[in-house]
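Asker: These are the residues of each chain, in order.
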Amino acid sequence: MEHLELFFKSIFIDNMVFSVFLGMCSYLAVSKKVSTAVGLGAAVIFVLGVTVPLNWLLDQYLLKDGALAWLGPEYADYDLGFLSFILFIATIATMVQLVEIVVEKFSPALYNSLGIFLPLIAVNCAILGGSLFMQTREIPNIGLAFNYGISSGIGWFLAILAIAAIREKIRYSNVPAPLRGLGITFIITGLMGIGFQSFGGMLTGDNEPPEGTETTTVKAENKEEKEIKKEIEDKEKAVSYNEVINK
Amino acid sequence: MALLSKKDANLILDPLADNNPITIQVLGICSALAITAELKASVVMAISVLFVLGVGNVVISLLRNVIPAKIRIIVQLVVVAALVIIVDQVLKAFAYELSKTLSVFVGLIITNCIIMGRFEAFALGNGPWKSFLDGIGNALGYGVILVIVGFFRELLGSGTLFGIKVLGDPVAKTGLYALGYENNGFMIIPPAALIVVGIIIWVQRSRNRALIEEA
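Quick note, the sequences are listed as chains A and B, same order. Mapping of the first sequence onto the working numbering: residues 1 to 247, in sequence order. Mapping of the second sequence onto the working numbering: residues 248 to 462, in sequence order.
Hints were generated in silico from the structure; no laboratory data involved. Among the hints, erroneous ones may be present.
Straight-line alpha carbon distances no greater than 16 angstroms define the calculated EDC-like cross-link-like pairs of lysine to aspartate or glutamate that follow [said to hold, decoys possible]: (1) K339/B with E367/B; (2) K32/A with E138/A; (3) K317/B with E100/A; (4) K287/B with E344/B; (5) K339/B with D79/A; (6) K32/A with D14/A.
In this text the structure is predicted, and so the values were computed from the model without any measurement.
Only chain B is shown next, with the shape it has when bound in the complex (with noise of 0.2 angstroms):
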């Protein structure tokens, strides 16, 4: 990391691992689980919450000795609705289908609280430069979450990554499904990605005792 000083490149590790927006913090929990049940929606989710707290962050940064602190929120919400308007119509002429899947998740993200809790905590007192580091760290602390939870669900539920069938075709029987192999109908389920995220929580909890919680 010879571009960036340790203190900036904690500022996307951090989030990462042992601040992160989802286990961590809390925030951001309701399209994370959503829209998990497949891995490619997932990774388009992380890629799109990716731009607009990149972009947010560096445009409340630059905004922040202007914006009255008394209508901030408002100011906020619009910045995130005009950057979501340009993820969903991308996503509606570049991949129709996929933003079908995604239905009213993609403008969920305004409402995303790492967005507003990002602009709060940290845009609103820092420069561009660091903002945008920040918002990229938290997207991606975001998105790993994301992928993981899609990456269980998929391949257990329905034995496909990406779509394509690593496990083997449940119909022919090739693959691990000739060995008596079958889907966990259970994983497609939306409780189950809460089950999943909970699993990761106790076990990145159980790794790092630190982060236990008083009862």
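One chain only, chain A, in its complex shape (with noise of 0.2 angstroms):
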């Protein structure tokens, strides 16, 4: 069960992208076209699945205060908990590297659609934020981790394929000139961030919703995936406009 709330609160509530905007730069660099778009998800959905774990085993029995305890009682008092960022780093660096050449030897075909994002991925926020939010919230054990890797890569995919959808489409629609491209682009992620805020009362019945939002959560919930984007720009109008009344 709480496999289950994680998985959902991490993509949909604390959305990579909506809510705490990480991976912003390949987000908005890399959405022009769907078929990139699968692949730079695909790609970070996971990396996040293989360094959050490992992450957690590092911050677990190296940099947690009095995590060196099973050296020795002696050793009780460190807190390493400085180090944390300069090893998650590396750590992120060498597994994207690792699972680049990994990647490269058994699977060609994945390589070939995988391979030209993974270094991309190194400095993407998204990946980092996801072990640093890990540690900041103290997930209990390594299959919790594993689980808040792979739900938070999820959320970030979501995101990035609903973006590039929306952004083929509003090729052919009459921008304001000085707006086209990334301003933009910014408005419609805010416009949508707004819509992902309304799942914000779905698990735990904390962070209410303003009412008449409660509907479209419930509505969005039952729906596929790929059925949320389509309704996502129509929610969209609907939530902003209830913000509007509400405040």
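Quick one: dock chain against chain with the hints and give me the complex.
Answerer: This is the structure in structure tokens:
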């Protein structure tokens, strides 16, 4: 049950892109076409799934206050927490290299579709962010850490897929010239973010959403993931309207 | 600017407007958005990035002939991570409350694309003094946007600036609130930051038509 809860929470409520803005750089740069967006999204899920549990182990047995107790009682007082940035980023950079080599060796087809994105990922803030959030939220065991990695990856994947689809369509619309490209992408992302805010009360009941958005939440919950992105455009209008009414 | 030659001055001034790292180069968006609900956090973040980018650019520039090309990314990451640890420790020591607000976003300066981008694009090919100016310029360009977004979000969202109630007291109904003004709660939620940045881009590109993207 807690697995399921964490899974949906990381995808919808704490969505990497819409609620904490992680990985925005690649999200904006690589979202012009759906096919490349899918490639990058898959690579992110993969790398998050590998690095978050790994960094969880590092955190648990090396970095945490008193984590060195397994070496003997005289080490129990050490707190190496200040080293976490450097260790996490080193793990991520090495893992990305390693994954690249392994994938190239064993699955050339996968390498051809993911390969070009892997080096990009080492400096994607979503990856480091995943590990840092795992640390601050004190995820209790490695299974949940793996779950957290995968599900926040899926959340990111969903976001980039949605924006890529919208950007493919928006090319045919008459956007004011100064907003074209980057500007409108920002604003759409903002509107989608407002839509995702309505998932807030989906699981635990805290962060009660304003009345009226609840119906849209329930509706969206029943949708297939793919349909959600189509829904988003309609929903964002409804929700922002509700926002205005409620304030 | 008697101190700097014209070329050097441009290294600082260019990124402030026409080559702004956030609105034109599209780098370093993540941290720019998440922490701008308050002006204070924005300013601290801008200063942190100024320090990391200024010093980091000099370090990388000094090391540029020693770093093997193949592992340069890892070397760069280690340099940034070390600098960010310094920033993080200083914040924890002198501004603990603020470092709680910034939470993981201080750590995320490491993966701030502005920093890697400037290392790759500038510091690896230029001397330390120029790299330093370039670092300062880009960090200021980043800081400017952060402060603008923070200013509007805090002013319109909470009616305060640096925590001071500039528009009057919403509970006691003084100042503007006496006239029936209400805070716009919308500005506090994260997506508002995106929309504010979108509007900044809109304004900037309307003023300078050369920046408009081809569809």
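Asker: Compare the structure with each hint and give your call.
Answerer: Evaluated hints:
1. With a C-alpha separation of about 30 angstroms, the suggested pair K339/B and E367/B falls outside the 16 angstroms cut-off, and the hint is violated.
2. Only pairs whose Cα atoms come within 16 angstroms are accepted, and K32/A paired with E138/A is rejected, the gap being roughly 36 angstroms.
3. Proximity of K317/B to E100/A is assessed by CA-CA distance (about 15 angstroms); at most 16 angstroms being required, the pair is judged to hold.
4. A hinted pair counts as satisfied when its Cα atoms are at most 16 angstroms apart, and K287/B with E344/B qualifies at roughly 11 angstroms.
5. The hinted pair formed by K339/B and D79/A meets the criterion: a straight-line CA distance of about 15 angstroms does not exceed 16 angstroms.
6. For a cut-off of 16 angstroms, the pair hint linking K32/A to D14/A is broken: about 24 angstroms separates their Cα positions.
The structure is inconsistent with the numbered hints 1, 2, 6, although it conforms to all the rest.
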